[in-house]
Structures are given as structure tokens and as C-alpha cells.
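Asker: In case you want the letters, here they are:
Number of protein chains: 2
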Amino acid sequence: MTRQNKSQFRPVAVPDVELDGFWGKWQDAVCDSTAAILLDRCEKAGMIQAIDVNQPSPGIVIPIDEKWTGSTQMFWDSDLGKSIETIAYSLYRKPNAELEARADAIIDMYEKLQQEDGYMNAWFQRVQPGKRWTNLRDHHELYCAGHLMEAAVAYYQATGKRKLLDIMCRYADHMITVFGHSEGQIPGYCGHQEVELALVKMARVTGEKKYLDLSKFFIDERGKEPHFFTAEALRGGRDPKDYVHKTYEYSQAHETVREQQKVVGHAVRAMYQYSGMADIATEYHDDTLTNALETLWDDLTVKQMYVTGGIGPAASNEGFTDYYDLPNDTAYAETCASVGLVFWASRMLGRGPNRRYADVMEQALYNGALTGLALDGKTFFYDNPLESTGKHHRWVWHRCPCCPPNIARLVASVGSYMYAVADNEIAVHLYGESSVKAQLEGGKVKLTQHTDYPWNGDIRIDVDVDGTAEFGIALRIPEWAEGASLKVNGETVDLASSVVDGYARLSRPWKKGDVIALDLPLDLRPQYASPKVRQDVGRVAFARGPLIYCVEETDNGHDLNAFVVPQKLGGHRTKTIEGLNGAVAVELDVSREDSSGWNGSLYRTRPAEQVPATVTLVPYHLWDNREPGAMLVWLQTGK
Amino acid sequence: MTRQNKSQFRPVAVPDVELDGFWGKWQDAVCDSTAAILLDRCEKAGMIQAIDVNQPSPGIVIPIDEKWTGSTQMFWDSDLGKSIETIAYSLYRKPNAELEARADAIIDMYEKLQQEDGYMNAWFQRVQPGKRWTNLRDHHELYCAGHLMEAAVAYYQATGKRKLLDIMCRYADHMITVFGHSEGQIPGYCGHQEVELALVKMARVTGEKKYLDLSKFFIDERGKEPHFFTAEALRGGRDPKDYVHKTYEYSQAHETVREQQKVVGHAVRAMYQYSGMADIATEYHDDTLTNALETLWDDLTVKQMYVTGGIGPAASNEGFTDYYDLPNDTAYAETCASVGLVFWASRMLGRGPNRRYADVMEQALYNGALTGLALDGKTFFYDNPLESTGKHHRWVWHRCPCCPPNIARLVASVGSYMYAVADNEIAVHLYGESSVKAQLEGGKVKLTQHTDYPWNGDIRIDVDVDGTAEFGIALRIPEWAEGASLKVNGETVDLASSVVDGYARLSRPWKKGDVIALDLPLDLRPQYASPKVRQDVGRVAFARGPLIYCVEETDNGHDLNAFVVPQKLGGHRTKTIEGLNGAVAVELDVSREDSSGWNGSLYRTRPAEQVPATVTLVPYHLWDNREPGAMLVWLQTGK
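If you read the protein sequences in the order shown, they are chains A and B. Residues in the first sequence are numbered from 317 upward in steps of one, following the numbering used here. Residues in the second sequence are numbered from 317 upward in steps of one, following the numbering used here.
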């Protein structure tokens, strides 16, 4: 089926959005703490020395793992890339001469590192110089380049400085000569997807279609038979059967991307791949990709996603296992994977607003992803269980520090996920105190949201245009927002007739001073999982607006699993927790099982007695920001 | 407090019991299949070559793990020992000239292997000859000796051949010279307990107190400061901080055994230690050991034991974690650990019958341990989860094949756990179709049980004596057997007045033809765990008699977690499953959650609808003996 809607929605540039309120505070934490911390810790790990041609090569600092023949040190360029990207966004919000100088110095080092032909990689120039492009399957070479490309685009947009962008254009131009089907070219692609979506960013900021074409090449080649990874291994004298991850499903290269119907393998790889596919689907109006992506979307969100938007339950492959296998206490649910889900969801909006994607984007953003960052911006979760007995806490750093800069760059750039523009329409995908500037066919427009969202569902949007301008505004009405109401200049808009794919599409002549008032009821919503999720049967989670809630030991004492939520929900009250940036907590009347009376045995023939109790629910993304202790998302429910 | 009861109950020898019925069938499987299979697989692994001085040493067949500096090949003597022990018991039940010849040949090899001074160990004579007694902490040297001692005692009792017993006496005599506090002696003990309980068996069969004394030495030394393991490491040029298991809790050597109050570390090590302690407590009337053991017993059974009698939830240390941490799907619950719990429980009965121990012995025997053996005796579970999604199946063999011969020798010797004798009393700890011969002060006695237990709770015991004999018979009344009744020659015995510590103590003149009739009601019993067990809240398990039940996919289809057992138990019926040796299954009226109606989402605000359903429960120990599939012990319960 060919899609009728040929509109292409692209995210606005980060500097086109100003944020305050909820996200403003988070961005301040990144500006004030995280951005510098990332560089400090990269430097401490030896990453600066690794690219500085004026210093000796650090050599192999992180030992090579014999089984995969790689070292996480091979990813250092990506860590620097994501850190520079974070700094770029932070500089736009909060100029910081010292931080900018540190980033400039790194960029200067990269300039010196880059070879004549455009190639640039710290590991393969300074540690294993003979091995360039010899193991795309395992060694993350294009992945590293991709993150530096994203950094280059962000740094250019934020500071106007294009040195890194020029470097990465030269590198990308070099790649165009290296990869392809001509004699002497490599008909391959990276074992860790990333460069695909990065090249689209490069194309959009430079206007160079050749970068789109290279991205499309990598996507089209992936998984073709005879298999590139197999041929590459044989060429390198390696036995393809020795592949440490056993199956090419690990990197979603087991079949061509258009044939893929099941979300498998390493979760971050999957998300980055689907993001790149969605970008290419948007740019090329490629329905074959969109069809595959829609199937994969349902596969993920209907069979494999935590209620937090966390994905990839297993540590063993950092990824997917069986359908409906969603263990809570051992959930891997890597921060990067939910960040990647936000990336993918936002790109699924490229072919038009649809809350099927935007609702999940918001769910993953506020819960699975944001949880990765401490309130003060200084520590980080790598894996995100939905139950903890009290031993799970945020890290200062990680042996594989992919998550800290990933959640930091997402928070620092969240404005570009809130708004997207097509030729003559602006979509408001996410709500939050903010303003956005956009150039539409109908004219320049500025929208300003006034809201205490996500704590409160009242949203006022002020429209600012020169004179009058005719264009569309698409406002997401989340599926969960039962009873939502919308007014323009005080007049009620009939949602039943104006909502398409979950968005109120308001197209009319707008004038300065027009006011849109949207009310999204934030009732406490019990969440029941399908009985196919064995880990969640007999349990209930709670959501309020886009936020998933949890219970913490610090509010509720020991034995969180002893609380029983009655099936007919009891009374509940909201309260504000100042120590958590004014977060809204919920007190809920429940009962609690009494563990006394077992008399010297663990088991007995009668169930526990129940006594009335009150439980305090707090937003999941804020857990482990106060007294350390146990945490639980899925509470026992009465029948 | 000094205990008043100075009686010492010791298990009867295996050949003194004849079994039929339930255990008879299991023993036939061991005689007909397992016993030879064990030898076949030991041989295939290279274990025969390892001890045969007429063949070259096999060298290092299983690589040495760098972190613990050991190889599971170091345990090969123990595998052979447990296999010979199994064969010994099997030969008593079913003479088998071929099997006996194979065992004799192995014993001959050991005879040739044994050194002049009595030392005998395949690894440290043939692979690492320079390293004898240099790393007791890690290298299982005494552990291997212990298993050969147990084999020696069993082989002697079953066949009357004492060659292996003589070998092991010489080895034990050598140990007496090696270990001690005199100049040149080693003041140490083994990192893996086992030799302690083996030496007690040696002492009991030879009448040599010196073996008890050596056992007591090992027990008394354990955990003393300055720490032997630390001194040993330093002497060997190893850094004690590099200990792969981090803490001496792993081998229960973190403090002296009498100070220990918490069950910690490697589960099998713990069970073997407590077994040895209990034996020494019995033999020396040592209340200080008994006091420690009673504390440890409660610690284990009230805070750390699965409803199956499985213990040691974690694979990482093959052992214990936190109190009340009993994950079902990832339960390690090693077969050997439940076998060890049976060992310990039976030895806690040494100071007098008490169902506090015997009930758990039965629970661990029928559930945690027996599950390790397939109905045909040919395959083995190593770990015993209480929930499986269908991927857990018995192994043909294991890289560390400790469990197959361990469950096999327990099954083949189960008669000695059923009966124990003191000077003038015989205790019936377990029920089952069988007969036992014993010599008491009051005369020779033979008891014959006629029963279809555990499928049926009617037990008739025929007493056979020469003329009249006055002695005691102690009959366990399990705590779960509410409404039990007892008659002697048709006359009702008042249990309220005759039961001490859960045993009916019948002391009177007995004559041939006396009949004891015991009725243990086998009602289906729901089992609720304390709400402190987070993994079992909102769930119920089922027991019938000593058996824990489970549901299997083959009887009940997919999504076993969707069944909901009403709190007020619905109707239920028993039926016999011929394919499972006539096991009694239970059909129970329940409801089932409907997984339809989620409409393209995993989560919704309403719980699942429930529809009436019937669930078939089968004994847990028989799961995975039919069509492979999912299994579940703890079902959802209504509130």
C-alpha cells in the first residue's frame, strides 16, 4: 500500500527550542554538572591522550577480550563524540567558555589526527594501525564515526563552528570511496549500527544527498547473502563459526532489513538500525522500509517492552529474548536502549504525526531513559530493573560508559523531540514549558507552552506570528488522556472530528495572541499487563500522565511486595516532594500482608492476613535519588 | 542446656532394608540403568585412565581455571567414589556380576595407585605430583578421599569385600600422621567439607575411634584464627586476597563452626559440614555442636529454603544469598544440595527422633533431591528451578558431574534413611513399602511396612520377633498429617499422649504378628509463603503428603501463570497417571485469565477477565518426564 501522506516531518534544531519547567531543570543539571563530568571522566580514562598526536599512544589500556577480539577502548571515539554533542547542546542553553575551550581543543586534536585521505579513528590509527576496515562485524569503526558526525552537527548548530563538521564531511567523503560494490570497495556495513542515522543528520545540515545515499547503501546491504560478515571473517583468516555472539541476529544482520519482522538481538543496535531505516523511509518516501518498521514496531511494543519503555531484558546479549519475557528484578533495560527507542519513535513521526509512536516516545523518554540520570546529573544507571532489593544504585562511571553521555545528550536536546516541522505544519509531540521557533511556508511562527506538565495536565500554547499566517498545528492527544479537552481562543474544538492518528490537526489562519488551551487529565491509571507476561500476573503498576510510578523503601518501609492494591482502587491523594524537584507523589490506600504468624516455618496452609495500609508512589525516573533502598514498580493486586 | 536424652540413633546399614513399591521402582531404575551409566560416563570422561598406573597419565583433560587455580578434573576421584558407592548399593538389591567386576577392577587400580605411605589421589599423583597438600582451600584433596571412604564402607557392607575399605583405612591412617598440631603436621582442613562425615562412617564400620577423632579435629579447626587458609596461601606464595570466592563464608570457614549462626556460602559444602558436625555431636554427645546446629537449622528452614526443600538460590556461588530470596525461575537449588540436606537432616535425628528434622528430610528427599533423576534413571537435573518456560531439561552428563552419582547413591541407599536404631528402639523416619532387620537389646526385630505411600496414606507395619521382645518403636507423625490415627492390633493409640517431638513412641513387649496401622491423611494442602518471600507473594503451591506438586504445559497448555487458584479452594479430584509409575495427579477447579482484549498493547487499565478452568497438578519430582514444556510450582492465587 502506498501511503498518501507525502509530508515529511523533521525535528527542529536544538537551538530553536527554549525550555523551562520540568525539562529546564534537567537541562540545567546537564549544563551545570553532567557536561563537564563527561569530559572529566573521558579524560581520566585516557581518551584525550588517545587522540592527541603530540602524546605517545596510550596503547591498549582496556585489555582485548579474546573471544570477541575487541576492547571497549575501541569505542572511545564514540564516548568523546557523545560528550561533545552533549556539550554542544549545553553551550546553547548556558554559554560556558571553559567547556567550549575544552571541546575546541578536542576538535583540534581530531583535526590533527585525521589522515590525508579523511580517515580518522583513535584506535585504528594509534593502537592497531594495520587493522583498519578489517573487522566491521566486531570493531565499531563506523559506529565511532557516526557518533563524531552527530557531535559535529550538534556543535555546528550550537556554536556555528564548523571545524568538526568539515572534518566529518571529509571522513564521510572518504567512506563514500571505501564502501560500495566497485572493484576494491568494501560491500559492507558496521556491526553496530549508528553511522546510518548520523549520515542523515549530516545530509540534512549540509544539504548533501550523497550522505543520504551512503546511509541507504549501508541499510540496503545489511543482511544480504552471501553474507558480508562471513566473507569478511574468512578473508581475515577467522572462522565465521567462532563469532562470539553466535548469530547475526545479534546485530540485526541475519536477513535484509526489509525482511525483518521480529525485534531481536542487541537492543541498542536494533534501535539505531530502525532509526536509520525510518530516516531513510522519510527522506526517500520508502514504503518498503516503513512497512517493515511498522511490523517491527508492533513486535516490540506489543510483545517485548516494559511498562517503563525499557527494552532488552537480558544482560547476556544486552538485548531481546523471548516474547513476553519481562523479568523485573533482573531487567537489563539498558538506558541506551530506551534512549534509542526515543530516537526510533521520533523518526517514525517523520512520515506524519501518529500517537502510536509519540506515546511510546514519551513513555520511554520519561521512564526507561530519564531514570538513567541522577537528579543532580552526576551519576548514571546502566541497567534499569523494575524491582530492586536495595542493591542497585547509579554509577559514577561504567566500564563501558555508553549510557552517561547518551542520556545526557538526549536530555540536553529534548527540545528537538518535542517539535517537528513539515512544509507548512508544526507538530507538538511532547508537552512541557518551552517555546519553539520555526519557519513554515505560511510564515515564521513561535509557539510558547505554559504548563507544569508532567505534574499538571493544563497546557496553554501562545501563538506568535507576524500578522496572520495560515499553517497547521498538530497537537498530540495521548491515548491515556481520557477526557482530554481542547480550546482555541476559548472555543472548544471537537476532538472527535479533528483528531487524526491521535493528533488534533488544527489548520487555519493564525494570528499573534491566539491561545490554545489543552487539558490532559492526569488521573492515576492502573496498568495491567497481558497474562502472557508471566512476571507481571497478579500485579499492577501505576501511571499518571506519561510517568510510571514506583514504591520505594524510603517512603514505605521493608517488604514492598507485601502491599496489596485492591482491584477497586482505594482513595488516593497527591502530594509534592520538594526534595525531588517538586515531583508529584501519590498516596494510595491499600492493604498490607502481615508476615507474622508463620511460627518457625516459611510456609503454611493459610494465606497472610491483610491489614489496611497506605502506600506512597513516586515517579519511577526519580527512584534512588533519596535514601537508598528497595524499589518496586509492579505491586501485588487483589483479585 | 545439657540434653537429657543420651540415646544415639544411627542409620541402619543399607543391606538391612528391603524395598518395594515407590522406592523399589526408583531403585530398580538405578540398578538397571544409572549404576552402569555412571561408570560408562566416568570412563568416557577419562577417569579410569586417570587412576590406571598401567596407562600413561591423561594429563590435564579439563583445563585449569586461572582464577581458582583448579580444574573439575581434580574431583574425579569423588565421581568414581560416588559411582562405586551407588554400584555397591545396587549390587545388594540386584546382583550384577559384570558391574561388580568393573567396580573390582577400579578398586584394584586404586590399590596399585596407593603410595607406600597410604596417600592416594589421581590428580596429585599423576598430574600435579609436586602439589600434594599445598592448597587445601581450593583443590578438594580431602573431599576426594572422603567420597572414596564412603564408597569403601558401602562396598564392604554390600559385598563383604574389604579391599577398598583397607585401602581407605591406610589412607586415613596416613592422614592422622599428616594433620595435627605437632611439628611438621598440617593444622588444616578441606575447602570442601566431606571427609568429616566419611570418617564417621569409617569409624562406625571399623569401630576405630581414631577416625572419629580425626573428623572432630577437622571440625574443631575450621575457621579458627589465625586462619589456616590465609597461612596456607602465604606459604604457597599466593595472595590471600586473590581468593576467587572472596570470602571464607563460601566454605563456611569464616568463623569456628560453633560460632556459626547463619547458613552461608556454597550450599553443598554447608550441608556436608553440618552433617559431619551432627555425626560428631551424636558420637561425642557434644551439646555445643548441637546448639549451633539447631540455630543453623532454623536459619535454613525458616529463611532460606524452597518449598521443595531446594536450597541455595544462586548460581554465582552455588549457594545462599539473602534471607527470603527464593527466585523460582532462576533457582539454582542444586540436586546435590538437597541430597546434602537429606544427609544433614538424617544426622540431626542421631540424638533422638524429632519430626522437625525428619519432615524436612522427607520434603528434600521427595522434591528437591529426587527431581534430579529421570524416571528411567538415565538423565539428571543439576539445578532445580520451580518455574520453567520450557527450556530446562535433564542432562545426559554435566561438566561437573557431581549430581548424577549423588542422587543415585541416595536413591539406592534410601532404606538407611527410613530407619534408625538406638540401643533398644527403632525409629521409622520415612514410610514406604519395605522391611527392615535390626538387632536391639530386646532382641532381633523385623518390621515390614505395607503401603502405597506416598500415593496413599494407609500404612500397615507387621512386627516380627522371636517370641516376645520389649523395645521401642518410634513412628513419625508428620506435622502436615492433620487427623492422623494410629492403632496397634486394632486398638487406637492416643496420639496426644504418646507423641514426643512428633513421633509416637511405642515401648512395650512386642510379639510376632503384632500389627501397627497408621493412617496419614493425604489431603491436598495449599502452601503459602511468608510475605517476606517477594517471589511468592500472591501465589500458592500445593502439597499432598510429602510431595510438592506443579503444573506442566503437557497437561495444561500455554501460559501456566494465567491460572488463578481461588482462595477458597475449589473442587478437586485425584487420578492416576500410568506413564508416571502410577503417580497420583490432582485435577483442581480454578480460573484462567484471558489474554485477549489487549488490542495491540501489552498493558491496559483493566485486569484480565477470568474464565473457569481446570488445572492438572502432578508431583514436582516427576516433571519433565513426558512432553517437554513449561512448568510452574507457585500458581497465582485469588485474594
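It is possible that some hints are incorrect.
Remember, identical chains collapse to one label, so a pair may be satisfied in a single copy or spanning two.
[To be verified] List time: in silico DSBU-like cross-link candidates among lysine-lysine, alpha-carbon distance up to 35 Å:
hint, residue 1, residue 2
1, Lys383, Lys562
2, Lys707, Lys562
3, Lys557, Lys803
4, Lys760, Lys694
5, Lys707, Lys360
6, Lys707, Lys557
Hints were generated in silico from the structure; no laboratory data involved.
Asker: So, for every hint listed, does it hold in this structure?
Answerer: Results of checking the hints against the structure:
1. Lys383 <-> Lys562: Both ways: Lys383 and Lys562 sit 11 Å apart in one copy and 26 Å across, limit 35 Å.
2. Lys707 <-> Lys562: both (32 Å within a copy, 18 Å between copies)
3. Lys557 <-> Lys803: The answer is neither: 62 Å in one copy and 69 Å across copies each exceed 35 Å.
4. Lys760 <-> Lys694: Cα proximity of Lys760 and Lys694: none, with 38 Å in one copy and 78 Å across.
5. Lys707 <-> Lys360: within (26 Å within a copy, 44 Å between copies)
6. Lys707 <-> Lys557: Answer is between; shortest inter-copy Cα gap is 23 Å, intra-copy 38 Å.
Figure legend: structure checked against the earlier numbered hints; hints not met, in rising order: 3, 4.
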